[in-house]
Amino acid sequence: AQKITQTQPGMFVQEKEAVTLDCTYDTSDPSYGLFWYKQPSSGEMIFLIYQGSYDQQNATEGRYSLNFQKARKSANLVISASQLGDSAMYFCAMSLFGNEKLTFGTGTRLTIIP
Amino acid sequence: DARVTQTPRDKVTEMGQEVTMRCQPILGHNTVFWYRQTMMQGLELLAYFRNRAPLDDSGMPKDRFSAEMPDATLATLKIQPSEPRDSAVYFCASGSGQGQTSTDTQYFGPGTRLTVL
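Chains S and A, in that order, give the protein sequences.
Each residue of the first sequence is one higher than the one before, starting from 1 at the first, in the working numbering.
Each residue of the second sequence is one higher than the one before, starting from 1001 at the first, in the working numbering.
Note that these hints are calculated values from the structure, not bench results.
Treat the hints with care, since some could be wrong.
[Unchecked claim] Pairwise CB distance ranges, derived in the manner of DEER restraints: (1) S:K70 to A:L1055: 21 to 29 Å; (2) S:T106 to A:K1062: 21 to 29 Å; (3) S:T7 to A:L1074: 34 to 42 Å; (4) A:A1053 to S:G10: 36 to 44 Å; (5) A:S1066 to S:Q57: 40 to 48 Å.
Given the structure is predicted, the values throughout are model-derived calculations rather than measurements.
Every residue, glycine too, gets a C-beta built ideally from N, C-alpha and C.
Whenever a hint applies, use it, and build me the whole structure from the sequences.
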């Protein structure tokens, strides 16, 4: 069974600073994908970024990047130049190749301070 | 702008009543998922379809919950009879189903907030 661990229940970060949200995962399967989703106070789940287990380079999407350290089984999300609109819950999740159901972590509530 | 749609967005009902939630996946997507989000349990998978066939409903209480895909553009989640512990946000998500050699990104609908009194 897969497991996702997010150890930071909440974080406060000054606007314009970079922020790293931690995520570790556990699986014995070598073929998997890692995802980050954002859930603002309005409640919707917004896909941010994806990293495949065989991808050689870290994924990037605009201000989001995923710091993928396979040996350590970590997939931290880095947000550069944080903005007030980044305040939200952030969920790390994973699924296996051929079995797309997502296993989620407990989330990190990020608050950006003006 | 392709999106997953869900109806209703909010539902308040009394214990014992039947509740039906509907989802329209993104056109062309062949995988559909139902998740439930609560404060205590977080996000958990209830059911998962590929090409309209159920693949996994192990997370769903079988005695009261049922999930179907009458056609490729509609997925339903039904609770009968509803109980207060079913109060949660129910999300539908869809993906393009890459098969054995990859995994696909799931795009979520806005959710249905269910309150059972």
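Checked hints:
| no. | hint | in the structure |
| --- | --- | --- |
| 1 | S:K70 to A:L1055: 21 to 29 Å | holds, 28 Å |
| 2 | S:T106 to A:K1062: 21 to 29 Å | holds, 26 Å |
| 3 | S:T7 to A:L1074: 34 to 42 Å | holds, 40 Å |
| 4 | A:A1053 to S:G10: 36 to 44 Å | holds, 41 Å |
| 5 | A:S1066 to S:Q57: 40 to 48 Å | holds, 43 Å |
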